[in-house]
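Each protein sequence line maps, in turn, to chains A and B.
For what it's worth, this note's numbering labels the leading residue of the first sequence as 2, then goes sequentially.
For what it's worth, this note's numbering labels the leading residue of the second sequence as 108, then goes sequentially.
If you are wondering where the hints come from, they were derived from the structure by calculation, not from laboratory data.
Heads up, some of the hints might be wrong.
[To be verified] Cβ pair distances, simulated, as ranges:
| no. | chain 1 | residue 1 | chain 2 | residue 2 | range |
| --- | --- | --- | --- | --- | --- |
| 1 | B | L204 | A | V194 | 46 to 56 Å |
| 2 | B | S222 | A | P190 | 57 to 67 Å |
| 3 | A | N210 | B | Q181 | 51 to 61 Å |
| 4 | A | E95 | B | E315 | 56 to 66 Å |
| 5 | B | L204 | A | L44 | 17 to 27 Å |
| 6 | B | G203 | A | W247 | 43 to 53 Å |
Cβ coordinates follow ideal geometry from the N, Cα and C atoms, glycine included.
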Amino acid sequence: MRFEEFRKPSWAVMNMRAVFGRAYPRIIGVNRELSWVFFETVLPLLGVAGYVFIYKALEAPPQYIGYVIIGGAMTAYWMNVLWSMAAQMYWEKEMGNLELYLIAPISRMSVLGGMALGGMFSSSVRAVSTIVVGMVVFGISLSLPDPLMFSGIFIFTMIALYGMGMMFASLYMLWGREAWHMSSLFTEPIYLVSGFYFPVKGFASMLGNPGTWIAAGASIIPITLGLDGMRQCLYPGTMDGFLPLWVELVILVFLSFLFMALAKYSLAYMENLGKREGRLTMRWQ
Amino acid sequence: MKDLNRTFTTKAVRGKSKKEIVKALNDVNLTINEGELFGLLGPNGAGKTTLIKILCTLLLPTSGEAKVLGHDVQKETNAIRQKINMVSGGETSGYGLLTVRENIWLFSQLYGIPSKEANRRIDMLMKELKLEHKKNSKVRTLSTGLRQKANMVRGFMTDPALIFLDEPTLGLDVNASRLIRDFIKKWMREKPGRTVLLTTHYMVEADELCDRVAIINDGKVLACDTPANLKRLIHQDAVLKLEIKQVQDFSAFENIPGVRNCTHEQCIATGTTRLKFILDDESAVADIVAAVPKSGSRILSVQKTEPTLEDVFVTLVGRGLTNHEV
Numbered sequence: 002m003r004f005e006e007f008r009k010p011s012w013a014v015m016n017m018r019a020v021f022g023r024a025y026p027r028i029i030g031v032n033r034e035l036s037w038v039f040f041e042t043v044l045p046l047l048g049v050a051g052y053v054f055i056y057k058a059l060e061a062p063p064q065y066i067g068y069v070i071i072g073g074a075m076t077a078y079w080m081n082v083l084w085s086m087a088a089q090m091y092w093e094k095e096m097g098n099l100e101l102y103l104i105a106p107i108s109r110m111s112v113l114g115g116m117a118l119g120g121m122f123s124s125s126v127r128a129v130s131t132i133v134v135g136m137v138v139f140g141i142s143l144s145l146p147d148p149l150m151f152s153g154i155f156i157f158t159m160i161a162l163y164g165m166g167m168m169f170a171s172l173y174m175l176w177g178r179e180a181w182h183m184s185s186l187f188t189e190p191i192y193l194v195s196g197f198y199f200p201v202k203g204f205a206s207m208l209g210n211p212g213t214w215i216a217a218g219a220s221i222i223p224i225t226l227g228l229d230g231m232r233q234c235l236y237p238g239t240m241d242g243f244l245p246l247w248v249e250l251v252i253l254v255f256l257s258f259l260f261m262a263l264a265k266y267s268l269a270y271m272e273n274l275g276k277r278e279g280r281l282t283m284r285w286q
Numbered sequence: 108m109k110d111l112n113r114t115f116t117t118k119a120v121r122g123k124s125k126k127e128i129v130k131a132l133n134d135v136n137l138t139i140n141e142g143e144l145f146g147l148l149g150p151n152g153a154g155k156t157t158l159i160k161i162l163c164t165l166l167l168p169t170s171g172e173a174k175v176l177g178h179d180v181q182k183e184t185n186a187i188r189q190k191i192n193m194v195s196g197g198e199t200s201g202y203g204l205l206t207v208r209e210n211i212w213l214f215s216q217l218y219g220i221p222s223k224e225a226n227r228r229i230d231m232l233m234k235e236l237k238l239e240h241k242k243n244s245k246v247r248t249l250s251t252g253l254r255q256k257a258n259m260v261r262g263f264m265t266d267p268a269l270i271f272l273d274e275p276t277l278g279l280d281v282n283a284s285r286l287i288r289d290f291i292k293k294w295m296r297e298k299p300g301r302t303v304l305l306t307t308h309y310m311v312e313a314d315e316l317c318d319r320v321a322i323i324n325d326g327k328v329l330a331c332d333t334p335a336n337l338k339r340l341i342h343q344d345a346v347l348k349l350e351i352k353q354v355q356d357f358s359a360f361e362n363i364p365g366v367r368n369c370t371h372e373q374c375i376a377t378g379t380t381r382l383k384f385i386l387d388d389e390s391a392v393a394d395i396v397a398a399v400p401k402s403g404s405r406i407l408s409v410q411k412t413e414p415t416l417e418d419v420f421v422t423l424v425g426r427g428l429t430n431h432e433v
């Protein structure tokens with residue numbers, strides 16, 4: 002047996018390799034199990050279709066159908082963050098992978114980063130499919146006069162959203178099943194308060210000041226402002242945004258840094274706590 | 108390891124039990140030398156896995172000190188992680204959607220191994236462990252034995268200076284176990300300085316593989332030495348059993364120096380005599396064998412029994428690995 006010596010990579014290169022390595026199963030999974038096309042694209046579209054038919058029945062302006070399709074597409078990311086990102090460390094522990102990640106000489110953030118990158122890739126395939134199907138089936142039209150602003154909003158929404166997922170992942174790692182129920186709790190209520198199927202400013206129009214506070218509170222979840230910002234970009238002039246676009250971008254940049262920092266801190270804290278209490282690799286919690 | 112302790116607090120079940128403090132490791136003092144294949148032998152719950160987890164930086168000791176390759180397990184975790192790896196028996200790691208090769212490649216990337224070298228090592232180790240034919244099979248389709256071979260490839264492909272093998276042959280058939288044991292021996296032989304810490308239930312495995320063995324029970328190290336020295340600890344009688352062609356006159360076997368006791372048993376059905384000698388001195392074996400033709404018979408079979416590690420274990424622990432008190 003001959004083990005060739007290799008030049009030890011720098012810390013950054015080593016962690017980049019780890020990110021790509023961990024992203025690989027999710028990227029390859031998109032090609033390997035094509036059943037997702039039905040489960041991840043066709044089925045969620047049925048829920049979206051319900052809202053489309055309601056708006057059509059109410060003779061709402063046509064852009065509302067676009068709002069719903071965009072919300073439906075972003076659902077892919079939210080579901081991915083909740084069920085595949087936040088809960089993933091718990092599953093890694095159950096599968097026996099977690100201890101192998103933890104004894105590796107890399108930053109734990111690389112493992113989470115790889116999970117996020119892979120999740121973003123697979124969710125993007127689903128999100129794009131939803132938009133394409135929405136355009137074909139429901140005939141929505143989108144315009145993009147300011148692609149730079151749209152890109153900024155989208156990218157920082159993703160960073161903040163997956164940063165939040167990374168933070169949850171470290172909490173779920175120790176709290177196990179108890180924390181896992183939080184994913185169920187966060188699913189439907191967040192659809193409502195984050196405005197997946199209607200502009201979040203609708204709360205203010207319907208409920209006045211309390212509605213504004215609901216929207217403001219929901220803005221801690223990056224997808225709320227992300228959705229509002231993207232709708233403003235794609236339907237300029239017709240979309241009544243919750244906040245001016247640049248303010249939303251600034252908040253999303255702030256949330257990106259905040260959640261990434263919290264993810265790093267909580268991961269280190271939970272790992273240390275787990276090592277102290279002996280729960281880090283304990284299964285069936 | 109110096110005065111290493113680890114306690115766990117069990118969770119209370121409402122109305123049914125109280126919180127309980129369990130001492131998993133109790134003042135463990137051990138030194139494992141570089142280049143040594145060191146075995147930890149103990150029953151379930153003895154503290155073997157707890158010890159490995161502390162040394163792998165997955166668990167903190169409650170008190171005491173542990174150093175791995177000169178680095179403190181609490182303060183220098185990253186320096187340790189660059190040099191170690193671990194394989195556990197019954198490990199179910201990896202992703203079922205990926206092939207065996209892809210899974211192992213994934214874990215190689217956590218150690219910064221360039222893909223080309225990683226793939227070369229995967230091919231080489233798969234060949235050694237007779238797993239080549241399964242390299243493109245999905246992990247979820249593998250049997251227990253094949254899966255464990257894949258785990259071995261994963262653990263050894265980083266060429267660690269120290270590898271922790273936590274019951275690596277657990278639940279494997281004879282052939283797979285032997286292949287893994289031979290692989291470990293070959294790996295150790297090829298580069299002096301490689302170190303293995305092996306935990307096992309199987310006494311024969313520890314006896315065959317390990318340079319030194321520590322017997323651990325209830326978190327305490329009861330003895331630590333080479334298998335041969337451990338066997339000497341218990342002063343069990345050496346016994347020689349002979350099966351010879353049937354004889355009636357046993358005078359040739361009387362008064363042989365070094366023989367404390369001799370018993371015989373006639374087996375009419377097979378026309379043989381079974382002799383059992385309890386020896387004070389093992390040099391008596393030659394005289395006993397020479398006495399057989401003098402008695403007008405010939406040897407059909409010879410068996411010399413010596414104390415095993417299991418005997419040592421039973422003597423020290425008071426019970427076998429799977430039995431209760433004896």
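Okay, the hints, checked on the actual structure:
Taking the beta carbon of each, B:L204 and A:V194 are about 35 Å apart, not inside 46 to 56 Å as hinted. For the hinted restraint 57 to 67 Å between B:S222 and A:P190, the CB-CB distance of approximately 44 Å leaves it violated. At about 53 Å, the CB distance of A:N210 to B:Q181 agrees with the hint of 51 to 61 Å. The hinted range of 56 to 66 Å is not satisfied by A:E95 and B:E315, whose Cβ atoms lie roughly 34 Å apart.
Restraint check, B:L204 to A:L44: a C-beta distance of roughly 20 Å satisfies the suggested window 17 to 27 Å. At about 46 Å, the beta-carbon gap between B:G203 and A:W247 stays in the expected band of 43 to 53 Å.
Going through the hint list in order, the structure does not satisfy hints 1, 2, 4.
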